[in-house]
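*Asks:* Line by line, the protein sequences give chains V and C.
With positions in the first sequence counted from 1, the corresponding number in my numbering is that position plus 136.
With positions in the second sequence counted from 1, the corresponding number in my numbering is that position plus 592.
No wet-lab data here; the hints were simulated from the structure.
In this text the structure is predicted, and so the values were computed from the model without any measurement.
Treat the hints with caution; some may be incorrect.
[Stated by the list, open to error] With a straight-line Cα cutoff of 25 Å, these simulated SDA-like cross-link-like pairs (lysine to any residue) come out:
hint, chain 1, residue 1, chain 2, residue 2
1, V, LYS218, V, PRO267
2, C, LYS757, V, LYS218
3, V, LYS139, C, GLY644
4, C, LYS757, V, GLU258
5, V, LYS139, C, ARG911
6, V, LYS171, C, ARG736
7, V, LYS139, C, THR716
8, C, LYS757, C, ASP721
9, V, LYS171, C, THR740
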Amino acid sequence: MAKYLLLKHYRGAPAPVNNIPMDQWTPEEFDVHVKFMLDFADRLEETGEFVDAQALSPDGIWVRHDGEGRPAVTDGPFAETKDLVAGWMVIDVDSEARAIELAGELSAAPGAGGKPIHEWLELRPFMSEPPTVTE
Amino acid sequence: MDEVELRELVPQVLSVLVRRGADFATGEDAVQEALVRALSAWERDPPVDRKGWLITVAWRTFLDLTRSESARRDREVRFDSEPPAGSVPATDDTLHLYFLCAHPDLSPSSAVALTLRAVGGLTTRQIADAYLVPESTMAQRISRAKRTVAQAGVDRAGDVRTVMKVLYLVFNEGYSGAVDLAAEAIRLTRQLAAAADDREAEPEVDGLLALMLLHHARRPSRTAPDGRLVPLAEQDRGEWDTVLVAEGVEVLQAALVRDRLGEYQAQAAIAALHADAPRVEETDWVQIVEWYDELLRFTDTPIVRLNRAVAVGEADGARAGLAALAAIDADVPRRDAVAAYFHERNGDLELAARLYAEAARTAPNLAERDHQTRQAARLNQVLREAGS
Chain V
137 MAKYLLLKHY
147 RGAPAPVNNI
157 PMDQWTPEEF
167 DVHVKFMLDF
177 ADRLEETGEF
187 VDAQALSPDG
197 IWVRHDGEGR
207 PAVTDGPFAE
217 TKDLVAGWMV
227 IDVDSEARAI
237 ELAGELSAAP
247 GAGGKPIHEW
257 LELRPFMSEP
267 PTVTE
Chain C
593 MDEVELRELV
603 PQVLSVLVRR
613 GADFATGEDA
623 VQEALVRALS
633 AWERDPPVDR
643 KGWLITVAWR
653 TFLDLTRSES
663 ARRDREVRFD
673 SEPPAGSVPA
683 TDDTLHLYFL
693 CAHPDLSPSS
703 AVALTLRAVG
713 GLTTRQIADA
723 YLVPESTMAQ
733 RISRAKRTVA
743 QAGVDRAGDV
753 RTVMKVLYLV
763 FNEGYSGAVD
773 LAAEAIRLTR
783 QLAAAADDRE
793 AEPEVDGLLA
803 LMLLHHARRP
813 SRTAPDGRLV
823 PLAEQDRGEW
833 DTVLVAEGVE
843 VLQAALVRDR
853 LGEYQAQAAI
863 AALHADAPRV
873 EETDWVQIVE
883 WYDELLRFTD
893 TPIVRLNRAV
903 AVGEADGARA
913 GLAALAAIDA
923 DVPRRDAVAA
933 YFHERNGDLE
943 LAARLYAEAA
953 RTAPNLAERD
963 HQTRQAARLN
973 QVLREAGS
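Okay, chain V solo, but in the shape it has when bound (with noise of 0.2 Å):
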C-alpha cells in the first residue's frame, strides 16, 4: 500500500506525442476529453484506488515574508516560469508497477482527433509512515 501522485503540468513536462492545444481540439473533442478523466477518476474509486483529484489555476503569484509587523510580499505572476503544474491525482495502490500503469492509462486521454494525447505524467510517490520494527 502506497501513495502516489500523477502530477499533470501545464508546461514543464516533455512534448507529448499529440501536441495540439486545447483550444485548438473540435468542442466534442474537449467534452471526449472532460469524460476521459472522470470516468478514469471514477473506475478508480471502484477499484479503491482513488485518493484525490483537484486542478490548478495557471495564475500562482509568489509569497514571502517581509519581516515582523510587515505585510507579506508577493511578486509575480512569472509568464516565464519553467514548470507550471496543471493539477494532479492521488492513488493508493499495492505496488510501483500499478502506479506506473495507472499513469500509463491516464496519459492516453483523448485529445486532438480524438487520439491519445500521450502526455508525459510525473510519478512521485508519496513519503510513508516509518515501520514499526525496525530491525
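Take the given structure of chain V and dock chain C to it, following the hints.
*Replies:* Quick look at chain C alone, frame taken from chain V:
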C-alpha cells in the same frame, strides 16, 4: 462494554450467520449493521446475552437485506425467519473467517481492509481514516474484496501463513491515526493464536504475536515529545513496557520449545535480545548475529542482510560491519544510513557526513529523513569546527 470488547464478538457472530446459510458478503454487512445498532441501543439498555442479541439482530438484518434483494429480482425468500437455535461457534469457524479474508486472490491492501472489517469489526470509515483514503474508496475496496472471495470460491481460502502476512502488514505499516492499528493487529493475532491452537499447534503464530508484543513494548520510547524518531540505541529503556516484554518473551519461549522455527520466531528472538539488555552496551550482538543467520534461512532478503550487517558491525567492530555491507547492493533502502554510521565509528567523518545526507535524500519517510538530516548536520558542524 467498550467498543473493543464489542468487536471481539464480530467473528463469532459472523460465523454463526454463515453457518446458518448466509453468504459471506451479505452476512458481513448484516453484522456491521448490528454493531452500529448495538452501539446506540446498549447505552440505554444493555442486554444480558450480548452475543445472542447481536446474532438475533444481525440475522434479522440479513433476512431484510436478502428479502429486499430477492424482491428486486422477484424471487422467493428461502430462509426461515426464525433462526435455528444457536450454539457456541467452534473456533474453527473464526479461523475460517481469517482464511477467507486472507484469500490468496486478494491484493495485500484488500486483504488488510477486509480483515479489519470482517474479523476486526472496524467500520469502513475507521479503516479509511486509518489508511488516509476517502471512505467511498475504502467501501469499494472492501466490496470488491468480498466479490473476489465469493468468485474465487470460499473453499480455496488462504491459510495461516497468508493470514500472518496480513496481520504483520497491519502491525508494521499503520499510520498513527484515531484507530491504533498496532494494538488492533496484536488483538487479532492473539485471537488467531487462540483459534489456531485448537487444531494445530502453529508456533509461528505465537512467534508473530511475540514479535508484535516486543516491538509494541518499545513504542513509548520510539518518538520524542516533538515527534522526532529516537533510534534503538538512544531509547530510554526505562520507558519500555515491562509487562509486554515479559509476555512477549514468555510467548516466544513457549513457541521455541515446539522446535519448529520460522521467520517470525527468529525476528522475535532478535527483539527479545534487545529487550533483554538493560543498557545498549549490554546488548548480546554475537547472539543477535546468530539469529540473523537463522532468519536468512527462512527469508533471504537484502533487508535482512542489511540488518545482519548492522549486527556484525556491532559485534565485531565497524570494519567488520563495512565488510559485511560490501556484499549488499547500493540501492537497498537504508544502506547509506548504515554505511554512514560505520564510517563515522571508523573515524571517516567526511564520508559519513556525505552518506548521511544521501540517506536523507532517499529516506522513505519524513521521520527518517529528518533523523538522517540531523546526523549529517551534526557531523558537518564537527567538521567545520575542526577546520576553523
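*Asks:* Which of the listed hints are broken here?
*Replies:* Checked against the structure, the hints that fail are numbers 1, 2, 3, 4, 5, 9, while the rest are satisfied.
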